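Enquirer: In terms of our numbering, the sequence shown is residues 2 to 721.
Note that these hints are calculated values from the structure, not bench results. Treat each hint with caution, since some may be false.
Label-pair distances were calculated between CB atoms; the ranges are [to be verified]:
1) Q79 <-> R405: 48 to 56 Å
2) G172 <-> T130: 23 to 31 Å
3) S506 <-> Q109: 56 to 64 Å
4) S403 <-> N442: 26 to 34 Å
5) P503 <-> D467: 50 to 58 Å
6) K397 <-> L436: 21 to 29 Å
7) S88 <-> N505: 58 to 66 Å
All of these numbers come straight from a predicted model, not from anything done at the bench. By construction, the Cβ of each residue, glycine as well, lies at the ideal position given by its N, Cα and C atoms.
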Amino acid sequence: MKSHPLYFFFKKPIAAGILVFLLLLFGTQFISYQQYLINENKQKKEIDNEINLIKEKLQALVMYSYAATKTLAYIVEQNGIPKDFNSIAVELLERNDYFDVVELVDAQGYITHVYPLKNNEVIGFNVLTSSTAKTGALAAIQRKDFFIAGPINLEQGGVGMISRVPIFVDGNFSGFSTVVTKLSTFFHDLNINTSEDESFIYQLSRVNANTGEEEFFLDTNMSNFKEFAVPIQMSMGEWKLYVVPTHNKINPAIWFAIFGFVIAIVGGWGVWYFMGHTARLNRLINIKLKNQEVQLKSVYEASKYTIEQSEENLNRAQKIAKIGSWERDLKQNTLSWSKEMYRIVEKAPNEFKVTQSSFLDIVHPDDRELVLDQYKKALKNKSYYQVIYRLLLDEKHIKYVSERGEIFYDSNNLPIKFFGTLQDITDRVLSEKELLNYKTNLEKLVDLRTEELNESKEALLNLLEDLNTQSIELEKEKVKAQSADLMKSAFLATMSHELRTPMNSIIGFTGILLKELAGPLNEEQKKQLTMVKKSGEHLLRLINDILDISKIEAGKLKMSLYPFDYIETLKGTVSFLMPQAKAKNLSIETQLPVSKITITSDERRIEQVLLNLLSNAIKFSKKGIIQVKVHLKENEIVTEVIDQGIGISKKDLVKLFTPFIQLETGLNRNHDGTGLGLAISKNLIEKLGGSIQVESIEGKGSNFTFTLPIENSYKNNSVI
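Put together the whole structure using the sequences plus the hints.
Expert: What follows is the structure, encoded as structure tokens:
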């Protein structure tokens, strides 16, 4: 012992003190460094958590902004600007804490609606001409979809983000639905005060897609913190988030390092000073080592238990799914299986030696070439493979399995390992075969039934012969009916013409008498003559309708086609009927796409259709609004006449356009009419190359829609 070099070393107190000092210094500084790394990782984790939270909140802001602006845009597109805009805005603000302001912008870019109006007096502000808002607004129109713009110096003060959805009505841009989020509101929701927070520096920026430069939301200069930028991919471009620690707090590990240095000095001095207490120090060291050994053993046992539990869970999951896993080392030519693989092939792990050759022996002889071919193709094409084949476990016991494998390569792109799974699909294959047998039996039953039906073919042919005879007789009756109908139309046309001449005279002379050109009249005479004139005019309209319908049915109606302004004709018809509407406290509203639309058609006949539809709307409405909507569709002009009248039942819609038919809903008792107006209108529209249809709900109103070609192919003054 005395001959050992350390014996002489420790005999010198100064040397022992220096050695102990160095050991303690190394130990404490190592622990301090580890603690320093732990603290740095902890701080990094806090920063990552903060970043993830802000990213999630920002993505949530985009999602909620998208939903809110889409909802508001849908309301405007369907129903126009809502009268209860403030109520809708309140609901959107209460539902989403991120939003500060809800706005509506018209087609010219002017803000028309704002809520709340207090501290947001921006009504009349034009977003399409503003240098700050123009870019985002035009981007939203170009995308025809949601767009979030920022950072923007808000007109009402502060910096924020503006979410917009363009509104399109009938394919035309009509404005924006907008929600505004102030950056202060966004950070407040995260409990972040950018001006008072001493732990982190926060910054949010958006990368300009054209210049590639960052546009910052806050005034903080981030030129020295580029390494802290975290990109956030948004649907409308790339954003960047900065969360920079200020390092105002000293890492506690530094204090521990200083403390360790002091301990090393004290320890070295202590060894030097208390050299005689070597035995006690040795005893303390042994205790320390034993404690560390116990701790290490505890950690080892815990790790071993965790690994065993994970393997057990994996085996349990594979057993439930009947999926085994395998690994093949191509360099060492070894193959290893999971426990489920042994269960699938029904082999004992301690008895069966796993090799590629022994496994191929289990594969059904007819399928071995298929399996080997899949292996080779996977290696050649550097791709995964999937194959279904059979396992022959004994002379009669066959299993169906599905195998999937994938190759892994080293840094030189050379294959090193095969990883794969094997699933027992025997039950599925047997079920499929059973279904196939069921299908075959079903087809036999169908063939049998078809044979029975063929036997009745002769009876069906006899029936068809009888039906053919009856069809010939019906055709003859149809010809007779058409001839009678033409005679009726000719008669009506002649009689209507003969009746119209004296009726014009009666109406004319009655008008002269009412003007008192032949002498003064008393009130009773005026009343009686007025009744005669109105009755004459009603009878003349009836005669004209009969004459029109008879000409249409006889094919003698002349059309005079020439270009004219359809909008002007429509406005004239509405103005003519406006007194009748006001007399019933009704209003007529028009929605016209442009101020002038020139079409080539018969202006008088189209005016007749408009008069008929609008007169009916006034006649059968007691209150509400009559709407006339016009829009262009390809090479056609579409007109809608919508009322809020009594409506039409579904069973009456089928006979609505039949001549001389009035609906059996009490209308013929409460309103005058011949039942010819709609029939004439339908024939006129169709003769002019258009179509007419009606949608109606009884008790709620009707919508008559007719289309006309802008350019008519008929020749002028043609008879149709």
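Enquirer: Hints first: check each against the structure and report whether it holds.
Expert: Status of the hints after comparison with the structure:
no.: 1; hint: Q79 <-> R405: 48 to 56 Å; result: 51 Å, holds
no.: 2; hint: G172 <-> T130: 23 to 31 Å; result: 24 Å, holds
no.: 3; hint: S506 <-> Q109: 56 to 64 Å; result: 58 Å, holds
no.: 4; hint: S403 <-> N442: 26 to 34 Å; result: 28 Å, holds
no.: 5; hint: P503 <-> D467: 50 to 58 Å; result: 55 Å, holds
no.: 6; hint: K397 <-> L436: 21 to 29 Å; result: 24 Å, holds
no.: 7; hint: S88 <-> N505: 58 to 66 Å; result: 60 Å, holds
The structure shown violates none of the earlier numbered hints.
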